[in-house]
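Read top to bottom, the protein sequences are chains P and F.
As numbered in our numbering, residues 3 to 103 make up the first sequence, in order.
As numbered in our numbering, residues 468 to 805 make up the second sequence, in order.
Among the hints, erroneous ones may be present.
[Said to hold, decoys possible] A few chain F residues that face chain P, going by a derived Cβ cut-off under 10 Å, partial list only:
1) K476
2) L479
3) Y485
4) P488
It is worth saying that the hints were derived from the structure and are not from the lab.
Beta carbons: idealized from backbone N, C-alpha and C, even for Gly.
Spelled out, the chains give:
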Amino acid sequence: MYIVGVTSCATGIAHTYMAAEAIKKICKKNGHKAKVETQGAMGLENQLSAKDLETADYIIFANDVKITKSERFDAYKDKIRQTSPHEVIKNPDIILQLIGQ
Amino acid sequence: MKETAKEIKSALLSGVSYMLPFVVAGGILVAIGFAGGGAVAVTESETGFWSRIFWWGKDAFGLMIPIFAAYVAYSIGDKPALAAGMVSGVIADSIGGGFLAALVGGILAGYVVKALKKLPIPIMLKSLMPTVIIPVISVLVMGFVMDIVIGGPFAVLNQAMLDMLSGMSGSSLILLGIIQGAMLAFDLGGPVNKAAYAFALATMEAGNYAPMAANFVASMVPPLAIGIAMIIAKKKFTEEERSSTAGCIVGAFAMISEFAIPFAAGRPQLYVPCFVAGGAVSAALSYIFGLTMQAPHGGLFVAMLCNNVLLLIVALLAGAAVSAGLIIAFKKAPEEDE
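Turn these sequences into a full structure, and let the hints guide you.
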């Protein structure tokens with residue numbers, strides 16, 4: 003499967019990137035392709051393209067701070083699964099639960 | 468109900484997140500101005516090298532509350548809520564309602580805009596909604612709410628909080644320090660830490676600088692404690708862990724607790740209690756010493772804005788020693804660790 007994600011946290015220097023790593027790691031381990039956009043203190047990095055959103059099977063939101071440019075996701079509401087960066091870091095398996103595995 | 472609580476929590480974190488660069492830039496420029504030109508001289512003049520730096524810092528700092536309220540509102544009501552939120556923040560500032568009023572104003576502005584968006588509107592007027600109707604009505608409503616409805620009560624509430632703080636002494640101050648320090652060290656820059664930080668900012672904005680001093684030391688304890696523990700008990704840490712020793716110590720001086728996160732995330736059951744204990748000790752000591760801090764961020768780089776730099780360092784080192792001691796006592800060497 004193709005999993006894309008967006009992570010953010012209040013300060014935007016640690017949890018944001020750790021959550022992104024955790025998502026990529028758990029996906030790789032389970033044979034899923036993953037791409038994660040980080041919305042940290044440097045703004046949007048590794049931005050998801052329209053094609054990413056179109057082809058993704060699931061979109062994981064692990065955000066403390068409101069998602070920037072959230073209108074991009076409006077058309078894909080049923081693909082979105084919501085969690086928090088803290089939860090993902092503590093228990094990466096949550097991703098598998100969210101995508102029903 | 469639960470959804471709303473989540474939405475408000477996310478709004479608070481968004482507000483703090485967008486506000487931080489203003490706080491840091493403002494705080495540090497003010498400190499540089501003070502350090503170069505002397506506190507009295509720079510505040511009295513508006514020209515001259517150091518005075519200009521000081522006032523630029525003040526300008527950045529002055530945007531703190533409007534930006535905070537703006538992005539609280541933005542988080543709830545999206546782009547159309549930005550204007551009403553920012554105006555609410557400016558009014559919160561001018562009525563002396565401070566951070567608390569700005570938070571409530573931002574939340575209300577967000578929901579006012581959210582409600583306006585749902586108004587049934589004839590199709591031909593649709594494009595007037597975001598361009599004219601929402602901005603005008605939401606700012607009008609929030610102006611009324613902030614100025615006339617909640618302005619008075621919040622100014623009173625803010626004053627009451629300050630009076631209570633300045634009336635606190637002895638054991639109640641120590642208790643406040645323990646709670647504040649524990650919260651700050653608990654999740655290292657996460658929501659609990661930011662809630663405690665918001666409290667210190669709110670009181671500082673209103674003219675009581677003691678909680679910010681406690682905030683400084685307790686935020687600096689976790690990375691410093693890790694650094695110290697790695698220097699003293701080399702054998703208890705892996706090569707890889709110790710490569711971050713210098714980073715942790717510099718991070719501590721810059722007051723970035725996040726440097727301790729890689730450790731806490733790996734073994735929270737060991738590190739979090741150690742950090743919380745040290746954070747609580749340092750914050751309580753800060754209150755006992757009567758420390759004040761006039762910058763909102765910046766760590767030891769703005770130490771000259773503290774009323775007693777020596778005691779600030781004592782409180783910091785005492786807290787770090789407690790945390791480091793606990794870590795060394797309870798952590799096993801890497802081989803038997805897993």
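Hint check:
Look at K476(F): its Cβ gets to within about 8 Å of chain P, closer than 10 Å, so that hint holds up. A hinted interface residue such as L479(F) counts as satisfied when its beta carbon comes closer than 10 Å to some beta carbon of chain P; here the least separation is about 9 Å, so the hint holds. Contact between Y485(F) and chain P, as hinted, is supported at the beta carbon level, the nearest pair being about 8 Å apart and thus within 10 Å. Using the Cβ-Cβ criterion of 10 Å, the hint placing P488(F) at the interface with chain P is satisfied: the shortest such distance is roughly 8 Å.
Violated hints: none; the structure is consistent with every hint.
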